[in-house]
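Use the sequences and the hints to build the structure in full.
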Amino acid sequence: IGGHGEPLDGDRHQSNVWGRTGPAEAWCLDLTIGSGTAEEWIYRRDPSVRLPWHE
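Converting from the sequence shown to my numbering requires adding 15 to each position, the first position being numbered 1.
I should point out that these hints are in silico values taken from the structure, not numbers from a laboratory. This structure is a prediction, so every number in the text was calculated from the model and none was measured. All clues given are correct.
Estimated spans, in silico, between C-beta atoms of each pair:
1. Y58 - G37: 31 to 37 Å
2. P67 - N31: 19 to 25 Å
3. R27 - E54: 22 to 28 Å
Note that the Cβ used here is the ideal one computed from N, Cα and C, for glycine as well.
Listed below in structure tokens is the structure:
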């Protein structure tokens with residue numbers, strides 16, 4: 016489920032994903048999806064902030 020409660024759409028950029036075990040259940044998972052390369056994570060609000068994935 017995307018951040019607004021609708022199913023994910025592969026054609027749209029979505030940076031937050033929520034999950035639950037069923038439609039009437041409480042949200043139990045909140046993932047923030049970030050950008051990066053194979054070597055490093057890049058903070059989406061300030062691309063100058065970067066860290067290697069292994070850290």
